[in-house]
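Peer 1: Order-wise, the sequence lines are chains C and X.
Take 1 as the starting number for the first sequence in our numbering and just add one per residue.
Take 1 as the starting number for the second sequence in our numbering and just add one per residue.
It cannot be assumed that every hint is accurate.
Where chains are identical, the list cannot tell them apart; a pair therefore holds if satisfied intra-copy or between any two copies.
Distance condition first, Cα-Cα at most 25 Å in a straight line; then the derived BS3-like pairs of lysine-lysine [unchecked claim]:
| hint | residue 1 | residue 2 |
| --- | --- | --- |
| 1 | Lys325 | Lys301 |
| 2 | Lys224 | Lys251 |
| 3 | Lys85 | Lys190 |
| 4 | Lys310 | Lys234 |
| 5 | Lys98 | Lys268 |
| 6 | Lys85 | Lys98 |
| 7 | Lys234 | Lys26 |
| 8 | Lys186 | Lys268 |
| 9 | Lys234 | Lys17 |
| 10 | Lys235 | Lys26 |
| 11 | Lys251 | Lys26 |
| 12 | Lys26 | Lys85 |
| 13 | Lys282 | Lys26 |
| 14 | Lys85 | Lys224 |
| 15 | Lys224 | Lys282 |
| 16 | Lys221 | Lys310 |
| 17 | Lys85 | Lys64 |
| 18 | Lys234 | Lys301 |
| 19 | Lys64 | Lys268 |
| 20 | Lys268 | Lys190 |
| 21 | Lys98 | Lys186 |
| 22 | Lys310 | Lys98 |
| 23 | Lys85 | Lys325 |
| 24 | Lys234 | Lys41 |
Worth flagging that the hints you see were computed from the coordinates, not collected in a lab.
Just so it is clear, the structure is predicted and the values come from calculations on it, not from any experiment.
Number of protein chains: 2
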Amino acid sequence: MNNFLNPLIETISQAIKKQQFGQEPKELYEPISYIMSLGGKRLRPVLTLLGYRLFQEDIRPAIKPAMAVETFHNFTLVHDDIMDKAPLRRGQATVHTKWNDNIAILSGDVMMIKVYDLLLDVAPELLPSVIRAFNNNATEVCEGQQKDMNFETRNDVSTDEYIDMIRQKTAVLLGLALQLGAMIAKAPEKTQQDLYQFAVDLGIGFQLKDDLLDVYGDQAKFGKQIGGDIIENKKTFLLINAVALATGSTKATLQQWIEATDFDATEKVQAVTQIYDQLGIKALTEQKMNDYFDQAFAILKQMDIGDQQKEWLSGFAQMVINREK
Amino acid sequence: MNNFLNPLIETISQAIKKQQFGQEPKELYEPISYIMSLGGKRLRPVLTLLGYRLFQEDIRPAIKPAMAVETFHNFTLVHDDIMDKAPLRRGQATVHTKWNDNIAILSGDVMMIKVYDLLLDVAPELLPSVIRAFNNNATEVCEGQQKDMNFETRNDVSTDEYIDMIRQKTAVLLGLALQLGAMIAKAPEKTQQDLYQFAVDLGIGFQLKDDLLDVYGDQAKFGKQIGGDIIENKKTFLLINAVALATGSTKATLQQWIEATDFDATEKVQAVTQIYDQLGIKALTEQKMNDYFDQAFAILKQMDIGDQQKEWLSGFAQMVINREK
């Protein structure tokens with residue numbers, strides 16, 4: 001399978017390396033080159049190339065739209081990292097740490113403008129629908145981020161609200177990425193919608209997997225601090241369920257750890273993980289995650305595309321499902 | 001003249017009142033309604049309506065593009081106010097003060113997306129060139145803001161660099177606003193370029209007038225604290241020239257005031273204004289400002305439009321030239 005995806009990843013990596021958004025003032029453009037070069041899995045632009053490749057052999061017309069999606073994604077990282085006061089991104093200093101908040105705000109703003117420059121590459125007759133689809137999803141990403149911030153100070157977040165938040169913050173951009181490729185390839189509207197829904201469901205599963213890896217991942221493979229979410233009381237699917245299900249002394253202990261201000265991080269991670277284990281939170285989250293992966297495959301199965309195309313999408317899904325980082 | 005501009009201002013005010021960008025989460029959309037409702041002179045959207053009205057009677061097709069320009073302008077205010085740590089905007093609390101920095105970043109981001117939604121209202125065949133023109137100028141606005149921030153820590157800013165900065169940060173958006181109206185009205189390319197240059201020159205004069213009003217304005221009319229730029233050592237055209245022209249004890253006194261950390265604000269404003277007077281900075285700035293206004297009128301004179309149309313543009317220019325706030 002990777003034999004198929006690798007050239008797509010290579011194509012987008014080369015395009016990112018070659019992309020030059022501007023020169024002066026350098027305070028504005030160096031941070032953009034920096035964040036774009038930090039790497040990551042490039043899932044979103046690969047989805048755009050893949051969405052196009054399903055219908056057309058030569059993927060070159062999908063490269064700039066794929067870059068638009070990746071640039072938008074990186075823009076959200078730059079601004080989210082300011083909001084979250086995150087020091088590190090992919091193991092490197094975040095833009096606002098390496099430069100400062102103002103530069104991170106403004107270079108992020110320029111990235112947003114450049115997203116639309118890249119979208120101008122699509123055929124003019126497609127531009128209105130491409131921008132409309134892009135904007136609807138980009139707006140949802142911002143709404144998801146605001147909800148995520150709102151959740152920080154709320155104690156009554158339901159799992160439905162949580163799923164809706166990660167759908168907006170994370171999953172819809174995967175949906176848009178795949179749909180965009182299909183749009184540019186002029187795929188039928190119904191197929192575009194199926195591809196969108198397939199990738200959104202995959203994206204929700206992807207984020208639930210992320211919540212799981214934070215607690216149950218392999219430190220060496222995951223690359224991030226195991227238990228980071230626990231230390232910060234991040235309202236993940238795991239914590240929301242644990243708070244809802246815990247009773248008696250377990251509830252009290254969990255609450256103590258949540259409220260603790262002075263604690264040993266390792267001790268907190270161990271204690272909360274133990275509560276998760278006790279309450280069967282891992283299985284519960286895996287169940288929910290697999291529900292979404294199953295939904296994605298159900299959509300894929302009935303999709304009006306060739307078997308070879310289904311195999312490619314299935315291969316991409318497997319990569320997401322099996323990820324350990 | 002105002003008899004002509006007033007209906008345009010009224011049209012855009014009504015459109016802003018009716019515009020609803022979204023509902024939930026309210027933390028994201030209330031700040032947008034708030035900043036958009038604070039008013040201001042609405043110069044930019046009026047320019048777009050005017051640019052259209054030069055060629056077409058019924059201005060309705062220009063309303064959404066005019067809203068796009070005003071929304072972009074307000075987006076820059078929201079983000080610039082975070083960067084400048086400004087507590088007040090138009091006499092009211094800035095978004096980041098009334099809510100917080102994160103909400104100001106994110107609601108600004110949503111405004112940017114909504115700008116492109118509003119631009120989708122233009123005829124599809126015009127969309128690529130509209131977005132391209134918009135993006136080129138929007139990028140320059142960001143570059144101008146970055147240069148303005150860079151100037152804060154530099155002591156060798158030349159007047160040419162300063163003019164270039166205000167051209168990017170302030171003037172090009174006026175140029176784009178007017179050109180956009182003409183674009184949508186399908187005016188000839190050459191006339192569009194003339195209109196752009198006319199409004200850019202007007203915009204540079206407009207900003208130089210702003211620099212002057214900060215020192216020599218009438219407090220009651222200006223609405224802002226007189227001498228605000230002096231108190232903050234803001235590198236305006238006045239200060240840059242004063243630093244360049246002062247010699248001997250005047251230079252030393254000016255330098256002392258610039259470096260002073262503990263001072264009486266009124267005393268500093270008086271002392272620096274006195275140095276400006278001594279060096280003839282007011283006349284020098286007026287000269288430069290009038291050069292740009294003259295250039296604008298020279299372009300207007302040779303423009304390939306009717307006399308009535310020239311009168312409208314001239315009336316707009318007079319309003320900018322005569323402004324006391």
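Peer 1: Run every hint past the structure and note whether it holds.
Peer 2: So, going through the hints one by one against the coordinates:
Taking identical chains as interchangeable, the C-alpha atoms of Lys325 and Lys301 are never at most 25 Å apart, the minima being 27 Å within one chain and 65 Å between chains. Taking the shortest alpha-carbon separations for Lys224 and Lys251, neither the intra-copy value of 28 Å nor the inter-copy value of 56 Å comes in at or below 25 Å. For a Cα distance limit of 25 Å, the shortest separation of Lys85 from Lys190 qualifies neither inside one copy, at 41 Å, nor across copies, at 49 Å. Taking identical chains as interchangeable, the C-alpha atoms of Lys310 and Lys234 are never at most 25 Å apart, the minima being 36 Å within one chain and 61 Å between chains.
Taking the closest pair of Cα atoms, Lys98 and Lys268 never come within 25 Å of each other, the shortest separation being 30 Å inside a single copy and 36 Å across copies. Within a single copy, Lys85 and Lys98 get their C-alpha atoms as close as 12 Å, and across copies as close as 20 Å, so both meet the 25 Å cut-off. For the homomeric pair Lys234 and Lys26, the shortest alpha-carbon distance between copies (22 Å) is at most 25 Å, but the shortest distance inside one copy (36 Å) is not. For a Cα distance limit of 25 Å, the shortest separation of Lys186 from Lys268 qualifies neither inside one copy, at 52 Å, nor across copies, at 66 Å.
For a Cα distance limit of 25 Å, the shortest separation of Lys234 from Lys17 qualifies neither inside one copy, at 34 Å, nor across copies, at 38 Å. With identical chains, the CA atoms of Lys235 and Lys26 are at most 25 Å apart between copies only, with a shortest distance of 20 Å across copies and 38 Å within one. Taking the shortest Cα distances, Lys251 and Lys26 never come within 25 Å of each other, neither inside one copy (52 Å) nor across copies (32 Å). When the C-alpha separation of Lys26 and Lys85 is checked against a cutoff of 25 Å, the pair qualifies both within a copy, at 23 Å, and between copies, at 23 Å.
In this homomeric assembly, Lys282 and Lys26 never come within 25 Å of each other (Cα to Cα): the closest approach is 47 Å inside a single copy and 33 Å across copies. Taking CA atoms no more than 25 Å apart as the test, Lys85 paired with Lys224 passes inside one copy only; the shortest distance there is 16 Å, against 33 Å between copies. Within a single copy, Lys224 and Lys282 get their C-alpha atoms as close as 19 Å, which meets the 25 Å cut-off; across copies the closest is 59 Å, which misses it. Taking the shortest alpha-carbon separations for Lys221 and Lys310, neither the intra-copy value of 29 Å nor the inter-copy value of 68 Å comes in at or below 25 Å.
Taking the shortest Cα distances, Lys85 and Lys64 never come within 25 Å of each other, neither inside one copy (31 Å) nor across copies (36 Å). In this assembly of identical chains, the alpha carbons of Lys234 and Lys301 never lie at most 25 Å apart, being 35 Å within a copy and 64 Å across copies at closest. Neither within a single protomer nor between protomers do Lys64 and Lys268 lie at most 25 Å apart by alpha-carbon distance, with minima of 45 Å and 54 Å respectively. Proximity of Lys268 and Lys190 under a CA criterion of 25 Å is satisfied in neither setting, with 48 Å inside one chain copy and 69 Å between copies.
When the C-alpha separation of Lys98 and Lys186 is checked against a cutoff of 25 Å, the pair qualifies neither within a copy, at 42 Å, nor between copies, at 46 Å. Neither within a single protomer nor between protomers do Lys310 and Lys98 lie at most 25 Å apart by alpha-carbon distance, with minima of 43 Å and 51 Å respectively. Taking the shortest alpha-carbon separations for Lys85 and Lys325, only the intra-copy value of 22 Å comes in at or below 25 Å, while the best inter-copy value is 39 Å. In this assembly of identical chains, Lys234 and Lys41 lie within 25 Å of each other by CA distance solely inside one copy; the values are 23 Å within and 44 Å between copies.
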